[in-house]
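**Student:** Chain residues, written in single-letter form:
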Amino acid sequence: MILGFDVETTTKERGHVHHPDNFLVSYSFSNGTKTGFHYYKDPDFKDVVVRTLLRCRELVGFNLKFDIQWLMRNGVEIEDHVRIYDVALAEQILTAQQSPMVSFNEVLEGYGIQQKLDVVKGYWEQGISTENIPIEILEEYNNDDAEKPLVVRAIQMGLLSEKQLGLVYQQGQDLLVLARTELNGVKFDTERAKDDHARYQTCLMETEELLRKYLPDDFPSGVSFNWDSGDQLSCLLYGGTVKYDYAISEEAVYKSGDKKGLPYTRNHWHQHTVEFPRRFDPLPKTEVKKTKDDPNATARYYQVDDPTLRQLRRKSKDGKQLLAALADKAKYSKICETFDSLFRAIERYGWQGYLHGQYNQNVARTGRLSSSKPNLQNTDATVDECLISRYD
Amino acid sequence: MLVAGDVKGLEVVCAAELSKDPVLWKEILDKEDIHGNNQKAFGLHSRLISKIFKFRLIYGGSAYSYANDPDFSSVGYSQKQWQRVIDDYYTKYKGIAEWHHGLVNRVRETGYIEIPSGRIFRFEPKESWKGLEWPLTTIKNYPVQGYGADLVMLARIELARLLRLHSPKSLLVMTVHDSLVVDCPNSEIDLVARLITEAIDKVPSMVYNNWHHEFLLPLTCEISVGRSKAELVEYKMEN
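For the record, the sequence lines run as chains X and B.
Just add 493 to wherever you are in the first sequence, counting from 1, and you've got our numbering.
Just add 49 to wherever you are in the second sequence, counting from 1, and you've got our numbering.
Keep in mind that the hints are not guaranteed to be accurate.
[Said to hold, decoys possible] No more than 27 Å apart at the CA atoms, straight line, and that leaves these computed lysine-lysine pairs for DSS-like:
#1 X:Lys866 - B:Lys218
#2 X:Lys808 - B:Lys100
#3 B:Lys129 - X:Lys656
#4 X:Lys824 - B:Lys100
#5 B:Lys218 - X:Lys808
#6 B:Lys285 - X:Lys680
#7 X:Lys778 - B:Lys218
#8 X:Lys785 - B:Lys175
#9 X:Lys783 - B:Lys179
#10 X:Lys680 - B:Lys175
#11 B:Lys179 - X:Lys782
#12 B:Lys179 - X:Lys778
Hints are computed from structural coordinates only; laboratory data are not their basis.
Keep in mind the model is a prediction, meaning the values are calculated, not measured.
Based on the sequences and whatever the hints tell you, model everything.
**Tutor:** Quick look at the structure:
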C-alpha cells in the first residue's frame, strides 16, 4: 500500500520537533482514493498510525523528515519494509540539485497542480495555534497535504530514470537515518562552553583594544571604526580616507511654541574625515571589483579577507603585530559567534544539554549534506571540545 | 565515547573510480604514499603541499589559483611554474587528464554530466570579460563531490542498520562530510569501530547492488576515539 502522509503540529518555532511545548495535533493518510484524518483527542490516535504503517509499503510526502521525526518523538518507528518517497528530494534530483529548499506550492505550480489550501495558514498568521483551529478546517487542510504528494509522485515517476528513482529511495532511507541522528543529538558541555565563551569574549575585547591603537591620533572620539567593514579595513591597511558622520548632543531651550523656555537635548551632526596612512603595499591583483572596474573611482580599496591577510603577513617585514591582531580578532569573533548561535538555539528550542542540528539533503548543488540550526559540520576546535559523549 | 570513522582518501578514490586512471588506480591498490611520491616527482616543497595540490587539482584547480593562493605562497612558484607542475601531473595521470577533458567536452555538447548514482549536474556558460565561459572548475569538482556524498550516504544507511542490530545503545550523533560519528558506551568502542569499518567496507558492493555500477577499488576508513570531538585520536582495533 502506497500512502501519502502529513502531520500537523502546534506552532512554536514553526512546529520544531524538539521544542518541549509543541505536540502532534493531527495526521492524515491517503491512498489516493480514500483519506483518513486522525486528531490528537481520538482515543486510538497513536494505535491507528502504528497499524496503518504495518500495512504500508511506501510512505509519500513532502519534506517527510519533519513528519517522521514527529512520529519518532511519539515512539513510532518506521520499519524496514516501508520505503520513503520524499517529493522534495525527488524534485531536487529531477532539477539537478537546482531546487534547494523548494516549497510545496512551487512544486505544485511547476506541475500545474492547484496550490495547497491556505485557510489554515490564515489562522496561523492570526497567532491561532493548530489545536485551536476548527477541526473540520484542519481536517481538510491536513488531508490535502497527504493527497497532493501522491499526485506529484505519479508525475515525477514518469520523469525519473530508473537509477534516479533508486537514488530517491536511497535518500528516503537516509532521511530516516538523519531524522534519528538529529533526534539523538550530540551532548553539549554547556558549562564548559559558557566558560570558553567568556574567555574568548575577553580575548576579543583585549584584541579590539589593541587594534584601536592603530587608529590615527586624530580619530574622533564620537565614532567607531567598523572592523567588519572591508572598505574601512582597506583604508587602515593600505591607506585612504574615511568620512564619518557623528552627532554631538547639546542642551538647548525651546525658543517658541507651547514648550517655549523648556530645555531639550539636540544632536549636532558633524562630519569628520580621517586620513589613514599606507601601512602596507597591496598585494598584486587584490583591488576589489567595485573600484577596479571603475576608472573614475576617487578611492581604491583592496581585499582584506583572511587568505589575503595571511599572505600579506608572510610577505611583510613590518606591521606583523597589526596583522596578527586582525587574525586573532577574526578567530575570536568566529568562536564567539559560533557559541552565541549554539546558546541561541538551545534557548530557542528548549534543548536540554544536547544539540539537535539539522542535516539538509536538498540544499547543496553537489548533493552533499549541509548542516544548519546550528551548523555542526564546520565547528572550531574550541567548540569541538564541548561536543562530548553522553556515556562518560 | 565518541567513535568516528573517516572514509580514507574519499575524493582520491572517487576520482580514480570515475576516471579509471590506471596509475592512480595502481597507487591506491598498492597502498603507496601517493602524496610523498608526488612531492618528489614534481619537486614540491612538502608532502602537505603535494597533498593539497592533488586534492585541488582533482577539483579543477588552475595554475592561476595556485599562484595566488596564500596556502602556496611559501612555495613561491609563479603561475608558469605551477602550470609546469600541473602539466607534469597530467602527464603522470593521463587518465585524470582525459577524464577532465571528457567532462568538459560532454558539458559543452549536452550541458550536463551524470554520475553512476544517477545524480545529474547541469551547467551553463557564464558571462565573463572573455565572453561566455563554461565553469571549468565546477564541472571537474561536482562529480567527485557528489559521488563522494552518495557513497557516504550508503555507508550511513548501512551503519545505522548495523548499529540497530548489534549495538542498539550506540547512537549515530553526527555526520560531517566523509566522517560518521557514533556515541557509544565505553564497553562497545571496539564493536562500534568494527561496525563502522564493516559499513564502509560494504559500500562498493552496495554501489553495485543499487546502481549496477562496478566499484572496484576498496573503501577503507580511519577510526578515531575520544571523549569529545576535539579529543578524537586514532584507534587500533583489538585483534
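**Student:** For the pair we were handed, lysine 129 (chain B) and lysine 656 (chain X), check the Cα-Cα distance against 27 Å.
**Tutor:** violated (43 Å)
**Student:** Keeping to a limit of 27 Å between CA atoms, is the pair of lysine 218 (chain B) and lysine 808 (chain X) held or broken?
**Tutor:** violated (54 Å)
**Student:** Check the hint pairing lysine 783 (chain X) with lysine 179 (chain B) against an upper bound of 27 Å on the C-alpha distance.
**Tutor:** Since the Cα atoms of lysine 783 (chain X) and lysine 179 (chain B) sit roughly 19 Å apart, the hinted pair holds (cutoff 27 Å).
**Student:** Compare the distance between the alpha carbons of lysine 808 (chain X) and lysine 100 (chain B) with 27 Å, and conclude whether the hinted pair is satisfied.
**Tutor:** holds (24 Å)
**Student:** Would the pair lysine 285 (chain B) and lysine 680 (chain X) pass a check requiring their Cα atoms to be no farther apart than 27 Å?
**Tutor:** holds (25 Å)
**Student:** Would the pair lysine 778 (chain X) and lysine 218 (chain B) pass a check requiring their Cα atoms to be no farther apart than 27 Å?
**Tutor:** violated (56 Å)
**Student:** Is the Cα-Cα distance between lysine 680 (chain X) and lysine 175 (chain B) 27 Å or less?
**Tutor:** Violated: lysine 680 (chain X) and lysine 175 (chain B) sit about 45 Å apart, past 27 Å.
**Student:** Next pair to validate is lysine 179 (chain B) with lysine 782 (chain X); report whether the Cα-Cα distance is within 27 Å.
**Tutor:** This hinted pair holds, its Cα atoms lying about 16 Å apart.
**Student:** Taking 27 Å as the top limit, are the C-alpha atoms of lysine 785 (chain X) and lysine 175 (chain B) close enough?
**Tutor:** The hint holds at about 20 Å.
**Student:** Given the hinted pair lysine 824 (chain X) and lysine 100 (chain B), is their Cα-Cα distance within 27 Å?
**Tutor:** holds (25 Å)
**Student:** For a C-alpha distance cap of 27 Å, please report whether lysine 866 (chain X) and lysine 218 (chain B) respect it.
**Tutor:** Cα-Cα ~26 Å, so holds.
**Student:** What's the verdict on lysine 179 (chain B) and lysine 778 (chain X), does the C-alpha distance respect the 27 Å limit or exceed it?
**Tutor:** Given that 27 Å is the threshold and the Cα spacing comes to 17 Å, the pair holds.
The earlier numbered hints that this structure contradicts are 3, 5, 7 and 10.
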